[in-house]
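Q: Once you have looked at the hints, place chain B on chain A.
Those protein sequences? They're chains A and B, same order as listed. With my numbering as the guide, the letters of the first sequence map in order to residues 21 to 499. With my numbering as the guide, the letters of the second sequence map in order to residues 165 to 301.
Be aware that one or more of the hints could be misleading.
What follows is a list of derived Cβ distance ranges for each label pair [said to hold, decoys possible]: (1) A/K363 / B/K206: 51 to 57 Å; (2) A/D241 / B/E211: 56 to 62 Å; (3) A/D178 / B/E208: 40 to 46 Å; (4) B/Q269 / A/Y280: 47 to 53 Å; (5) A/Y280 / B/D221: 14 to 20 Å; (6) A/K379 / B/K210: 52 to 58 Å; (7) A/K179 / B/N240: 23 to 29 Å; (8) A/Q326 / B/E172: 38 to 44 Å; (9) B/Q294 / A/D178: 33 to 39 Å.
Under the rule of at most 25 Å between Cα atoms (straight-line distance), these lysine to any residue pairs were calculated in the SDA-like manner [as the list claims (entries may be wrong)]: (10) A/K492 / A/E143; (11) B/K270 / A/E454; (12) B/K245 / A/E143.
Calculated from the model, a selection of chain B residues having no Cβ within reach of chain A, i.e. all distances over 10 Å [stated by the list, open to error]: (13) K245; (14) K250; (15) K255; (16) S256; (17) E264; (18) K274; (19) S275; (20) K278; (21) K289; (22) D291.
Just so you know, these hints were derived from the structure itself, not from any lab. For each residue, glycine too, the CB sits at the ideal point set by N, CA and C.
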Amino acid sequence: MPVTYEKVSDYIFKIPKESQAGMLVDGVVYADDELMQQAGTEEVLGQVANVAKLKGIIKKSMAMPDIHLGYGFAVGGVAAFDARDGILSPGGVGFDINCGVRLIRTNLTAEQVKPKLKELIHELARSIPKGVGTKGRLSLGPADLKEAVAGGVSWAVDKGYGRDSDVEACEEKGTMAGGDPEHLSMRALERGRNQLGTLGAGNHFLEVQRVHQVINQEIADVFGLNENQVVIMVHTGSRGFGHQICTDFLKSMQETSRKYELFIPDRQLAAAPAASEEAKSYYKAMVCAMNYAWINRHIITHFIRQAVKSIFKGGNFGLELIYDVAHNSAKLEEHSVDGKATKAYVHRKGATRAFGPEKKEVPEKYRQTGQPVFIPGDMGRSSFVLAGTEKAMTETFGSTCHGAGRLLSRKRAKKMIRGDELKRKLESQGIVIEAGHIPSLAEEAPEAYKDVNEVVEICHQVGISSKVAQLKPMGVLKG
Amino acid sequence: MPPFETTEHTADIGIKATGKNLSKALSDLALGMFSIITCVDKIEVKECFEIEVGAGDLETLVFNWLDELLYQHQTNNFLFKDFLIKEANEKSIISRCCGEKYDEQKHAAKSEIKAVTFYGLKVKKDDRVQINVTFDI
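Just chain A, with the same shape it has in the complex (with noise of 0.2 Å):
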């Protein structure tokens, strides 16, 4: 089916709601003309009307700038849904529930790194596990994992990973509310015991970057960033545990639509009303997964700690996790819609929350800042610290981007680039990587991707983020 927009202001794009049939809301598009006119588009923009037939969103249905193709919901797509009589959507949170990125800072400079990048690299490598068909470091049987999943991070410091400090610095104290282990399948459980501690594949991965540029000195002092610094940023998610969980409840979902009588316009969007038992038992399982991936992110973090320490011998690195956001959720928050109070299960899939100032949700280090939101480029490029905005709690339902945002297949990654040329192009810029397989590099090669600099910058003129810090990579670890 065609769609239909106009052009609202620079970067805002309007579906109407009166464009296709069905359409509670209009659908609106954080972009600029070059990323609208892109391929795919079209059937990207499908996906954003098609979320907003589904019953009781609240508003519209929000696309961020690194919008692409998705199952039922766009990657890069924010929805909220009335908690009373919305519904819950798994494929509005996406298969890798909580896939998300956490920022460490250390007290080291690009320099004093640099004789020993390579070696640094290599012990990340060996410590922590990647790639297809690996088993993680740690296994737990069900009740063991149960356990986990309930306590979250603070399950993880007091077996001895991470520290204390740790757990005001992660997204939801790294325990999200509302998780009930007993709604897990047998089989989330047994994909989730030997992966704790993994990095993944695809586009998951590690990086040790140096701060190119401050942007914004006040928020970065209060971030502790500066020029020229070292920092690790790690990409992850929930692993086969999340996957499953989605898996699990979108199958069964496929009946509870039809059960509600929701209108449904694409398989992957199949949904429950937000207050069946269905939908309730999909959002504690749910949380389990996001706890899951916080505890995996957690103890990557714990084994490198400890790679630093045994390649830079003696001294204090710092090694401060600055925060750690989710970029794949459904949490069920408050927000004032048309001046009331308003309770909402937000989706984000491929979107990262972005609270501004003021806001309780956020460690009160970061009250006056609004929360870090962190934007990993692709592998030759940049990332970018963001602050979240009051803006953004206005304009997305407090939501920005999450990453570049795909431009190509996988398909034609591979035939513009082959992998080991790739990794040569990306020594030659100084950039150390280390890669399970090296053929399906390509298919994260950066021309594979839009540029980052552009998705950010359109976040920052919307308002809905600003731009903090810009931060380049010196190594790359990828499944």
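A: The following block gives chain B in isolation, referenced to the frame of chain A:
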């Protein structure tokens, strides 16, 4: 003619398999799925699993069968290469699927499949059977 083709999806990958009947299309489809994970030429047939699924419609049936294979692959660290479809109709698939355990010295680890999706999942039946599936990578 190759048993399957890969299809495009921005972030992920699809497989299209065409066979003279449903059984052949399913068998080629599953091989296509494992070709995403590893080089299937290197998989030997050493062990078999009986895999049976049911569903209310054909698309869900295909989804369930591939999902079951993926689950067995993930939890048993097993690579499948040979798919004997004993029975396949609109409501059920009964199969014996064979291969061997993943060995990092022998098998390339190409991509990790997170999940089977319903995106574009289609079974077309005329003089041949064609199945399209997209996988989340």
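Q: Could you check the hint for me, namely that A/Y280 and B/D221 are 14 to 20 Å apart, CB to CB?
A: Between A/Y280 and B/D221, where Cβ atoms are some 19 Å apart, the hint holds.
Q: So the hint says 47 to 53 Å: do the beta-carbon atoms of B/Q269 and A/Y280 match that?
A: holds, 51 Å
Q: Quick one: work out the minimum CB distance from B/K255 to chain A and report holds if it exceeds 10 Å, violated otherwise.
A: Fine: 15 Å to the nearest Cβ keeps B/K255 off the interface.
Q: B/K289 clear of chain A by more than 10 Å, beta carbon to beta carbon?
A: holds, 19 Å
Q: Check the hint pairing B/K245 with A/E143 against an upper bound of 25 Å on the C-alpha distance.
A: With Cα atoms ~35 Å apart, B/K245 and A/E143 exceed 25 Å; violated.
Q: Is the distance from the Cβ of B/Q294 to the Cβ of A/D178 consistent with 33 to 39 Å?
A: Once the Cβ atoms are compared, 53 Å apart, the range 33 to 39 Å for A/D178 and B/Q294 is violated.
Q: When you look at the beta carbon of B/K245, is every beta carbon of chain A farther off than 10 Å?
A: holds, 15 Å
Q: Between A/D241 and B/E211, does the beta-carbon spacing fit 56 to 62 Å?
A: holds, 60 Å
Q: Can we trust that B/E264 is non-interface, i.e. its beta-carbon lies farther than 10 Å from all of chain A?
A: Consistent with the label, B/E264 stays out of reach of chain A, its closest Cβ about 13 Å off (over 10 Å).
Q: So B/S275 supposedly isn't at the interface. Is its beta-carbon more than 10 Å from every beta-carbon in chain A?
A: With a cut-off of 10 Å, B/S275 comes too close to chain A, as the shortest Cβ separation is near 6 Å.
Q: CB of A/Q326 to CB of B/E172, is that within 38 to 44 Å?
A: This hint holds: roughly 41 Å between Cβ atoms.
Q: Taking 40 to 46 Å as the stated bounds, is the beta-carbon spacing between A/D178 and B/E208 within them?
A: Since the Cβ atoms of A/D178 and B/E208 sit about 45 Å apart, the hinted range of 40 to 46 Å holds.
Hints 9, 12, 18, 19 and 20, counting from the list given before, are not met by this structure.
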